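**Q** Residue numbers (my numbering), protein chains in the order written: chain A, 11 to 193; chain B, 11 to 193; chain C, 11 to 193; chain D, 11 to 193; chain E, 11 to 193; chain F, 11 to 193; chain G, 11 to 193; chain H, 11 to 193; chain I, 11 to 193; chain J, 11 to 193.
Worth flagging that the hints you see were computed from the coordinates, not collected in a lab.
Please note that the accuracy of each hint is not assured.
Derived pair list, reagent style DSBU-like, types lysine-lysine, alpha-carbon separation capped at 30 Å [what the hints assert, rightly or not]:
1. H:Lys-104 with J:Lys-35
2. F:Lys-170 with E:Lys-104
3. F:Lys-104 with I:Lys-110
None of the values given here were measured: they were computed from a predicted structure.
Number of protein chains: 10
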Amino acid sequence: MSEIILVGQEVPEFEMETYEPETGKFGTFSLKKAKEEGKWTILFFYPADFTFVCPTELADLAEVYPQLKELGAEVVSVSTDTKFVHLAWHKDEKLLENVKYPMGADPTGAVSRMFGVYDENTGLALRGTFIISPEGKLVGSEVNFYNVGRNADELLRKMKANAYLIGHPEEACPAKWEPGKKT
Amino acid sequence: MSEIILVGQEVPEFEMETYEPETGKFGTFSLKKAKEEGKWTILFFYPADFTFVCPTELADLAEVYPQLKELGAEVVSVSTDTKFVHLAWHKDEKLLENVKYPMGADPTGAVSRMFGVYDENTGLALRGTFIISPEGKLVGSEVNFYNVGRNADELLRKMKANAYLIGHPEEACPAKWEPGKKT
Amino acid sequence: MSEIILVGQEVPEFEMETYEPETGKFGTFSLKKAKEEGKWTILFFYPADFTFVCPTELADLAEVYPQLKELGAEVVSVSTDTKFVHLAWHKDEKLLENVKYPMGADPTGAVSRMFGVYDENTGLALRGTFIISPEGKLVGSEVNFYNVGRNADELLRKMKANAYLIGHPEEACPAKWEPGKKT
Amino acid sequence: MSEIILVGQEVPEFEMETYEPETGKFGTFSLKKAKEEGKWTILFFYPADFTFVCPTELADLAEVYPQLKELGAEVVSVSTDTKFVHLAWHKDEKLLENVKYPMGADPTGAVSRMFGVYDENTGLALRGTFIISPEGKLVGSEVNFYNVGRNADELLRKMKANAYLIGHPEEACPAKWEPGKKT
Amino acid sequence: MSEIILVGQEVPEFEMETYEPETGKFGTFSLKKAKEEGKWTILFFYPADFTFVCPTELADLAEVYPQLKELGAEVVSVSTDTKFVHLAWHKDEKLLENVKYPMGADPTGAVSRMFGVYDENTGLALRGTFIISPEGKLVGSEVNFYNVGRNADELLRKMKANAYLIGHPEEACPAKWEPGKKT
Amino acid sequence: MSEIILVGQEVPEFEMETYEPETGKFGTFSLKKAKEEGKWTILFFYPADFTFVCPTELADLAEVYPQLKELGAEVVSVSTDTKFVHLAWHKDEKLLENVKYPMGADPTGAVSRMFGVYDENTGLALRGTFIISPEGKLVGSEVNFYNVGRNADELLRKMKANAYLIGHPEEACPAKWEPGKKT
Amino acid sequence: MSEIILVGQEVPEFEMETYEPETGKFGTFSLKKAKEEGKWTILFFYPADFTFVCPTELADLAEVYPQLKELGAEVVSVSTDTKFVHLAWHKDEKLLENVKYPMGADPTGAVSRMFGVYDENTGLALRGTFIISPEGKLVGSEVNFYNVGRNADELLRKMKANAYLIGHPEEACPAKWEPGKKT
Amino acid sequence: MSEIILVGQEVPEFEMETYEPETGKFGTFSLKKAKEEGKWTILFFYPADFTFVCPTELADLAEVYPQLKELGAEVVSVSTDTKFVHLAWHKDEKLLENVKYPMGADPTGAVSRMFGVYDENTGLALRGTFIISPEGKLVGSEVNFYNVGRNADELLRKMKANAYLIGHPEEACPAKWEPGKKT
Amino acid sequence: MSEIILVGQEVPEFEMETYEPETGKFGTFSLKKAKEEGKWTILFFYPADFTFVCPTELADLAEVYPQLKELGAEVVSVSTDTKFVHLAWHKDEKLLENVKYPMGADPTGAVSRMFGVYDENTGLALRGTFIISPEGKLVGSEVNFYNVGRNADELLRKMKANAYLIGHPEEACPAKWEPGKKT
Amino acid sequence: MSEIILVGQEVPEFEMETYEPETGKFGTFSLKKAKEEGKWTILFFYPADFTFVCPTELADLAEVYPQLKELGAEVVSVSTDTKFVHLAWHKDEKLLENVKYPMGADPTGAVSRMFGVYDENTGLALRGTFIISPEGKLVGSEVNFYNVGRNADELLRKMKANAYLIGHPEEACPAKWEPGKKT
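Produce the complete structure using the sequences and hints provided.
**A** Structural data, given as structure tokens:
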């Protein structure tokens, strides 16, 4: 799998080992299983554990996690560190104490390459967010270079819009739309 | 040019014909010129003129345009329609009356293909936003499938963060950061 | 489909979205359907909607349209604009008020390329007219560069000659022939 | 040279042997020479000498030949017969008695192939007319299948329009335009 | 079919349009039919109709034609002119008045190429004579460059020798052999 | 050298060992040398020495040899036997006692292949005669299958015609022409 | 670099980021620099930080590190974790408190692949030890599958033997040799 | 078989002729048979018989051979000499008098190449030791360049650890581990 | 068949025309038939008939021919001359009067190439002797360059040794062995 | 070097390590050096040292060695064993006590492959003898399969013939020739 998936294309099925903060155990994320359960998948890539610049993004994501879950989305944060490192970092870093979503391990870079966020020079992933529909289609992407952080509220807004539209395909969705507003 | 530019890569130089609402004339956007003037470039792709679902995105973008300009960014909206059609639509559609940024014409789809938002089946562009640094590097991307609209305020936030970071490379930028806040 | 169809060759089947001025709705042109209905097809390419130089050609074509229809021909004008733009232009441009034939949309350029009139540099179509027999064979072509306009009366004459010859294959058709005259 | 020249492209230079009715001698047509003399070139292909169906086209062409010449155009009729056969036919066929333009011989089919009118099954040329500008660009083409004859007056009209436009490039040329009329 | 047939090889089946002087009508030569009828085939290529240098060869061939026919051979003269031109020439040229054998038309050059006598520079055939056995094997070839004419009597001698040998395969045929002589 | 030389093409230079009956010694035939001396070359292929069917052809050729020489032609008989075998055969076979021309040895088959008369199944040469002009161009060919013998007088006639024409290129040469006759 | 280096071959030059426990800072290991300083290089690969099974190997290595250094060898432990993770693990894990050698980070797996210890399925490195001479040649390798631990004393013995032999090339080195013993 | 087997990969089955010191006869080592008998295989490569530097390694190996056998391992020493030479050397060299394990002959170098220890320049094998599990997987490798001898006691330790782990897969094996110690 | 057969390889089946001195007729040698009859085959190549240097080799071979036959071997001498030439030479050359073995004709060089004795420059065969076992395996070869003659007695000795060994495969055959002697 | 050298071709230069019985030391055979010294080279391949079947061949060769040397030939016996094994065998085997010629070691099989006597299945050489002229051309080859031994006297005879012929190139050498006899 070396090609990049573009928005609008079907995402090939893949699996990833995870550290699951809620149980403190190791687990596995499977796109196939997410699709079978009718869930949306949100992949949230970041460069590396134990660096000083990322935890706030993950903490913000933790705050909207309950709402994303309610909308039918499974959230997985992803870096190229191992699940052992995720466990250690989660225990060590105070900013992560509210993180409940699975932390995915992509040490081979296979998943990161598939979404075009793998940096061959450093072996790390860029900050990219990807929304996959319950049918397995990539419906949204966002990638930032530098250390420009992402906005978890905006992710929530887009997830809401996607979830709404799938139930109301005949409606067009204007910019900044929020559920309850008319398009 | 058939390859897709990923975040972190250098964008090949290109030109595009435009309709310039401020003067009512036709012009040309040149990435080379933007770089020479030290400007950021924001490309704002949308599917087609004269459809009923997009104008609000363009109107919202019009509202933050003055601020984006102040931050040193040139904004260009892009569809695969011709400049003649842009002119006609701008005159015809009330929602566009405040649009002042150049409206780029990509009838061959060459620019849309370069950023991976060209749909070969319809000849139209997906809703994608791309931020190019004054050095010509792609530093941010966002693409939505379906009719999920974009948030102009979020674009403004990211542009501010990028503009700030370029002057303060040693600072890490946490999520949701706004200028004035500490990282 | 990247090869050019020459006169005398079979035209591969294709479809095109259209704006139908008679009903004010969107439709689809299908070569397969035209063949099944025993109709001739006349494709009338022009560069772009909303330019100042083409409408007279389309208006002239509108005048001979009833006669062409009576001869068993379906006429479709074609540009690389979308059907949305065709609709807008038809409403906006007085010169088009008598246009009743379907206006075909070829935003991907696929149909224009097939007939060798797609200009890769501009994404627009050259002024080309093509006559396809009810069996699907290309029997006539005419292409002009520059802004040399076409003569609708001449098109009518050629269509008449083609229609006559198909019923009288043993007769040779001299130049300038008009029905009723002997060859 | 096996590719077909499309309208808008440069025509590769070529030569052809001719029978020259005005002197009764054999000669040579050279595109290079025509370009050096600033002349337009009109190639008028037809299937074969000594058949019963073509002479009227050539006779009609003979009538407008003086006017075409005045507009700066060199006319050459072309079939895949030899120059010897042209001579014999010209002497034998009454309908050709006013033919004064050079009759080109293309027994190898090289020129016919270049313009896409060579029929590999019969070794004959289709009825095609091609206008080449003094710069050597193909600016007009017309090809008919079956025995649909061409209209010499229409050719004259197009030649006039081309000649006019080259001196007035800023003017758009509406359909059916004739010199003296405004566009 | 672009390969050259050598003596001793099987000739691929082919057809050619003809002008038949005996009936004044057009016909078709078919190698397959000749083989089915158990006939030998003699192909007699020459450059072009209506030239001043060839008719004597064709007239000489006309003189031995009855004898060749009696030996079971079908004779076909071949040039790259059309059957229409053959008809016109036969009527026009006194030297051909005794020609009774079919005159084959090879305007595509396909048959001439097969026997290696097609001149790609001029589109004409060299002076070549080929004898094909009733089984379809090429058993004799003779080709002259320049304007060196062929000897019809010699052709008759070789045809006789071939016809004799096929009935007496055990006999060797010495040079200059004539039937009745012992080998 | 694996391609076959056609009439009208330049013959690549080659050498061949020979037995020279006039001196009883071995020699070498060189096309280069023949060309330098302004000579025509006549190659006379036959299948094999010491068979019962060929010698008469070689004897007939011996009779016209003095006249061919006078016309400026060098004659070489060729088989795939060695020069040793030629010597032995010439001494042994009475029919060859008047043979004075060089007997060429082509044991590798290289020369026979070049003229298309090498039979890969038997390693022998077909009965082929080839005339090469002083400029090195192949101007005449004749090949017979079966045991149809060649006519030395006819060879002489053709050689005379070739020799005459080279000095009178403006004259066309009718069939059966003999020097002294008018064309 | 996708090929595997075998014992006896030259190791291509490479660099690796490191965590340096002695200073608590990040650094860089460079083979080029090691060679310029005349040092031996010992690479000590292990699967992953923060797992429960490896630390004893690293602790044992720490004990012989002073002696290896005295023999002129630079020791670098390597896993595919980042330098940030190495820092975190070193602070967190008691068993590592005596580790003073640089801890190399190979997150892209490039160095691990070069020595054939990269596991494409897991993105981790096998337990492999490699000794590189001051000239850059690979002179020793040892790789264990499963969780079979390595013996630091044996590594010290081999390093001593290598260091001795380089100064006494004429002596053969028997098994189990220790300096001071005769071979 | 030209690829090198890495630790963790399955070893392709192979056979080797041997000299069996215990019986004084020639035999065959077969990996397939070793696997069927549930045995571990230890291959012990060395450069050449009858040289002055190797015998001590083989003698040391002879000392631990009984213990390795008890652990379920078959030991085979291997060089590229023939079995005849092994027999001769074993009889001739006193240091080998206790060698009881089979001495493998690899005169084609096929086995040595498979494990990456064949030196193409000399045709000899490097000093490499390889442990293959009863399932046929390569689980340990060690290769020394120069004349650095191997340590038979260390080999015994690793074999013990491997044998222990296969029965206790859940236990991690720390460095320097010896059976009876806890991990 | 362009590859060379090495000693120890199977010889592909082939046939060759022969002159059979015993009957004075032409025949055919077939390897397939020789194998079916359980015979050994001895091929004895030499350059050419009718040369002054070879006959003694063939005469010597004639002397041992009865003994070779008794050992079950068929002998065939081979040159690239035809069978006609063999017949002529055998009658002409006194030295060959005792030659009774078949004289094989290889005018295409196919058999000579198979055994690597064909000289592409001269079309002749080198002096090579080849022994083929009744199973069709090449078991002996000998080739001499220059005019170094072969020793028929030595050929007889080798044939005896081969014939003996095939019946006593367990015996090794020392140099110079003769039947009756012990090895 | 993977191609086989045929008799008549130039042998590429090569070197081989040797055991030199006369001095008891190791040496090197170099074809380049042999050629510079104007010597003939005789390579005498055999399968393996320490087998029971070959020594007699080597002993016979030893007897004619002084005469071969006198004729200007260097003799080298060759097997794929190492020089160490040659030394050991020479000391051990009584039959070799008179062997004085260098014993070449070809453990990589490179030289054996060059002469087509390497058996890929066993890694041993077939019994082949090769004579190389002082100019480096292969002038004689002999290869035996099975255990058919070679005849040293016959080798001497051939070497004498070669040596004689090189000084008397004009003389043909009949079979069984011995110096002093007339050819």
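**Q** Are the hints correct? Go through all of them and say.
**A** Hint check results:
At roughly 23 Å between alpha-carbon atoms, H:Lys-104 and J:Lys-35 fall within 30 Å of each other, so this suggested pair holds. Proposed proximity of F:Lys-170 and E:Lys-104 is supported: the alpha carbons are some 29 Å apart, at most 30 Å. Using a Cα cut-off of 30 Å, the hinted pair F:Lys-104 and I:Lys-110 holds, with the two alpha carbons roughly 28 Å apart.
Violation of the numbered hints given earlier is absent; every hint is satisfied by the structure.
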